[in-house]
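S.K.: From just these sequences and the hints, can you work out the full model?
In case you want the letters, here they are:
6 protein chains.
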Amino acid sequence: MNNLGIVKRNITRADRVAVDKLSRFGVATIHEAMGRVGLMKPYMRPIYNEARICGTAVTVLLQPGDNWMMHVAAEQLQPGDVAVAACTTDNADGFFGDLLATSFQARGAVGLIIDGGVRDVKDLTEMKFPVFSKAIHAKGTIKATLGSVNVPVVCAGAQVNPGDVVIADIDGVVVVPAAIAQQVADAAEAREANEGDKRAIFASGVLGLDYYKMREGLAKAGLRYVD
Amino acid sequence: MNNLGIVKRNITRADRVAVDKLSRFGVATIHEAMGRVGLMKPYMRPIYNEARICGTAVTVLLQPGDNWMMHVAAEQLQPGDVAVAACTTDNADGFFGDLLATSFQARGAVGLIIDGGVRDVKDLTEMKFPVFSKAIHAKGTIKATLGSVNVPVVCAGAQVNPGDVVIADIDGVVVVPAAIAQQVADAAEAREANEGDKRAIFASGVLGLDYYKMREGLAKAGLRYVD
Amino acid sequence: MNNLGIVKRNITRADRVAVDKLSRFGVATIHEAMGRVGLMKPYMRPIYNEARICGTAVTVLLQPGDNWMMHVAAEQLQPGDVAVAACTTDNADGFFGDLLATSFQARGAVGLIIDGGVRDVKDLTEMKFPVFSKAIHAKGTIKATLGSVNVPVVCAGAQVNPGDVVIADIDGVVVVPAAIAQQVADAAEAREANEGDKRAIFASGVLGLDYYKMREGLAKAGLRYVD
Amino acid sequence: MNNLGIVKRNITRADRVAVDKLSRFGVATIHEAMGRVGLMKPYMRPIYNEARICGTAVTVLLQPGDNWMMHVAAEQLQPGDVAVAACTTDNADGFFGDLLATSFQARGAVGLIIDGGVRDVKDLTEMKFPVFSKAIHAKGTIKATLGSVNVPVVCAGAQVNPGDVVIADIDGVVVVPAAIAQQVADAAEAREANEGDKRAIFASGVLGLDYYKMREGLAKAGLRYVD
Amino acid sequence: MNNLGIVKRNITRADRVAVDKLSRFGVATIHEAMGRVGLMKPYMRPIYNEARICGTAVTVLLQPGDNWMMHVAAEQLQPGDVAVAACTTDNADGFFGDLLATSFQARGAVGLIIDGGVRDVKDLTEMKFPVFSKAIHAKGTIKATLGSVNVPVVCAGAQVNPGDVVIADIDGVVVVPAAIAQQVADAAEAREANEGDKRAIFASGVLGLDYYKMREGLAKAGLRYVD
Amino acid sequence: MNNLGIVKRNITRADRVAVDKLSRFGVATIHEAMGRVGLMKPYMRPIYNEARICGTAVTVLLQPGDNWMMHVAAEQLQPGDVAVAACTTDNADGFFGDLLATSFQARGAVGLIIDGGVRDVKDLTEMKFPVFSKAIHAKGTIKATLGSVNVPVVCAGAQVNPGDVVIADIDGVVVVPAAIAQQVADAAEAREANEGDKRAIFASGVLGLDYYKMREGLAKAGLRYVD
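Protein chains in written order, with our numbering: chain W, 27 to 253; chain P, 27 to 253; chain U, 27 to 253; chain X, 27 to 253; chain S, 27 to 253; chain F, 27 to 253.
Derived from the structure by calculation, the hints contain no laboratory data. Model, not experiment: these values are computed from the prediction. Do not rely on the hints blindly, as some may be mistaken.
For identical chains, the list gives no copy identity; a pair is met inside one copy or between any two copies.
Derived lysine-lysine pairs resembling PhoX-like cross-links, with alpha carbons at most 20 angstroms apart [claimed, not checked]: (1) Lys-239 x Lys-224; (2) Lys-169 x Lys-246; (3) Lys-246 x Lys-34; (4) Lys-148 x Lys-224; (5) Lys-169 x Lys-239; (6) Lys-34 x Lys-224; (7) Lys-224 x Lys-169; (8) Lys-148 x Lys-67; (9) Lys-154 x Lys-169; (10) Lys-47 x Lys-246.
M.R.: As structure tokens, this is what we get:
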């Protein structure tokens, strides 16, 4: 009846071409391309500033203070995957450290997104294993209770299904459903197309008020200029 | 009746000489020079460690999830100004990114203080456009509802009037009312005058207990030394 | 009757040999070696990434908005000590800055742990004086009310007695009671002994599932693999 | 591509018999019957202590500071439904008050679950319209941007699909997927069957240690009794 | 230079007729009548559910852990006043209890709004002395440092000037500047005029979609109904 | 080496006479009588307004998501005891409900203080079993990992030793070390002695400024009255 104690082995990962294309864009752009949805909450922060992730999600549902499922998840990771770990309750324990990171890296995983804590941050930084987490916490965990791997999870406020594309950079974390990955990548590309032009225009002193033709709308809405 | 939907064009900026003098001091010193008032709440943090701002405030009152007024504010910015953005309610959306920063920089603005979120943090860092904010969040905003520009606002717990001097560094953000900018700058200067001496004295091993002659006061207050 | 207004001068510091040995290990390892206890809450963060502390605690009990006891504590600091400051209530004011740091450094102190705010962070960073705090806040404090020095305190959720060993790094802050410092150091050493081997094993692709022989336990707990 | 701007009219509601049966059990019991999943975060609190809800979800996806979709949702409500409102970002504005409640009640709705704010709490209490919310906030909202009705949402950390059963009482809010509503209701009934007996047993002084035969397990785990 | 250490004795209170009229309306209505501004943050909650305040502000600026200025403020209170207490930093100590409440009541004060803590809540409730606060906290305070009375303050995110009207009920706290009190009272009255009618209309089953003629706007914005 | 996996059976409870005397005073009074120390953090709230506790502490150290030790603690409870539960990490799961409460009540326990969550709040309220907690949360827990019973714990920021007196009412929770219980009770009594008189004096209109003779001190500190 419930989705605890389950490991789904065969998941449908988003198309690799779409994933690669998405990896060219930032989180802000991709979330705009999806219509301003799909973001995790902003408390998810990188453990080092340059951290960046774009991969297909292997989801993990953890129990509080217990990282047993991280080991189970390791086996399900394939090159290009990102582990996305949620917990059945709010808990910031250090579910993940340098040994698991070594294992994940050996499997070809490109990073970890965790609505919980991580530790061994110095090692992880030296290994260049990017992690986005709710907390940094040395607190160790046990291995006693089953969660699940590759079931749908809610991670930091976002629904993540196994195989979805997850992109993370300094602006946050966004989830792109596998079924629309290519479409979103294309939309992101279109959105970026004239960014360089726009920057040049604004750098020259043209105002958004004029470039976006906002003055009429503002006046209509009742904006009053006073001295 | 209310102060929404208004753009005040002519504001009285703090005297440039005072602003320049204030730019030589840190936030902690300036806030002490004012009698320990004027600080924003400590959740306001720089998007990069070296960020530093000293400028005259152009205030912005935003609506949640809406950055229309940022574009209106851009036109009111003059060289040496800092945009100070408050919101009518708690909201951490990404009201500001690289394009607005380009526009603000083109106007000569020296930074942004925002009781909300920002995005494109990598670009902003590369542009060396300093921002102090409540959050980093990729969440995009709309342009639908009027706020105001250059009305008095409460930003992160501090009252800010247009033209006030706002100084920000890694220790926080402080607001100096325009009318007392010169006076505060002078007080800050006086305060700093013997800082170097003090440092040398404490480095030599002299205790604050002796330097500040605290022992008598402590004894009077009842301090007991036990073994 | 109460423990306010007291300075204990003679405290029993943890054995220096044990402290030196503990300084070789990270916070996560030490807390594991103690049985996963002794950690402060994860909101305690270093003011700069490379900050690291290992020393014997001189405890300080502060009153809100008042850093008088910091000056009293300075005199009690000996080489190798770390000041551990708690407050009688939640307060994030800037109790500590560059002058006190100069004084502490002159005494041979190796850092500060404070369940409150600090300021002059740029100076502290340049001085390489490591601080772990709840907040960075320019807010100045007064010197009017007695707290205590070298009484037992609760700091960020952890009990600290004067003389205990306190270790802090990017993963957090851990307190080792003086009486078990050597024992914990030995346990930490044992724990680290085969870390390098393990890393190599996991790097080669061996899974924790196999290395730790978890498969049977997982099956017994009811884990189901589905396709 | 995205799920904004959509109203799904025909949703499959959980079977009425199952909903009625679930209404007999508390949130704690139902969440246990599902294997300890499905709970919203504990910040969701009733606006009055006696509030209790059991109904089929009509979901609402709101934009920050905008309650337009609440009006759209009203039309989709049928007797026995509960409105479940999420927002595209964290926002505690007062999206809902007495007039909407009157409208919802006229449609036969049995309550509101909202990851945001509500107002007119005195009126809602007098109307006996139960609401569980993140906040009480007088802040009014606009009607300018599209969200959606009856798309899957994440509300206070829980995934909710239209038609799911949502039960709320003073212990929290739980979501039961429509497909397993009957099964969960049966499991909850089984769980409750001997609760009365157990209470009598414990009231008589029998310890859980003995009733649940925990002593052996505890000893095996290494529990030591000392004097 | 600063506004600490000052007691302003003569303040211009909002017109009594306007205050009395405002007392007839709820916080949500008044804040709407002002154009959706003037609210304090929603963490300000009544110490008992029936608490309600409408009065003219005597402002108090407190120092952390220090309630000296509360005693100074007592003397400035006149019948119909409400004390509005801010603090120079975040602090939740119990600045106020039954003795001060007795004194305030003897002066004719109608309540307290405090961005801090209160205690003796059982007594205050029995005395029917309404308080809206950030916290309930037994923590006692000292009397050592000057703040001010009747200077402009920022309380829970809202600017309050002495003499402004402050209205508080279960929906929150709103500040009406003295100069526009009558105007806001009239606008609130107009707003409430047809509330009863509207309630009857919605109770009869008419939808807001039709009553407010939203369907066209929604269609124009692109809302799609799907099955 | 560590204090996990231990149950201390023989603890020295505070003297019953002192406990009975302390039960006559409120938390605010007792904490003042101790010199303004001993309070738990103000996030600890009663599950119903009338809840009040005064008893001798049986301490419990829980693991996250695990209430095994609650059952172990039940056996150690004697009439007049209060269970005081801390956790090795922040966790708000529902560690305690109606069955454990029945068991605790059968043992003569007078309440529970828990730095975590509770559930079955309706039942607990009907049973008149007072609980002060960090959260109300339906989330169930497991029984898999050892904590301890009757070891010193830090609960909500306060150090609690087995046998200490813990008093809780609507103003918060305070811990009185067993060794000074009688002394604190006497001090509390002295403090309360003239409270009634004081109330009458303040009710008659006498100001604290005069009663406490503050005017001179304020003037000396520099307070200025302006018009």
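S.K.: Just pull the numbers of the violated hints for me, sorted ascending.
M.R.: Of the numbered hints given earlier, those the structure breaks are 6, 9 and 10, listed in rising order.
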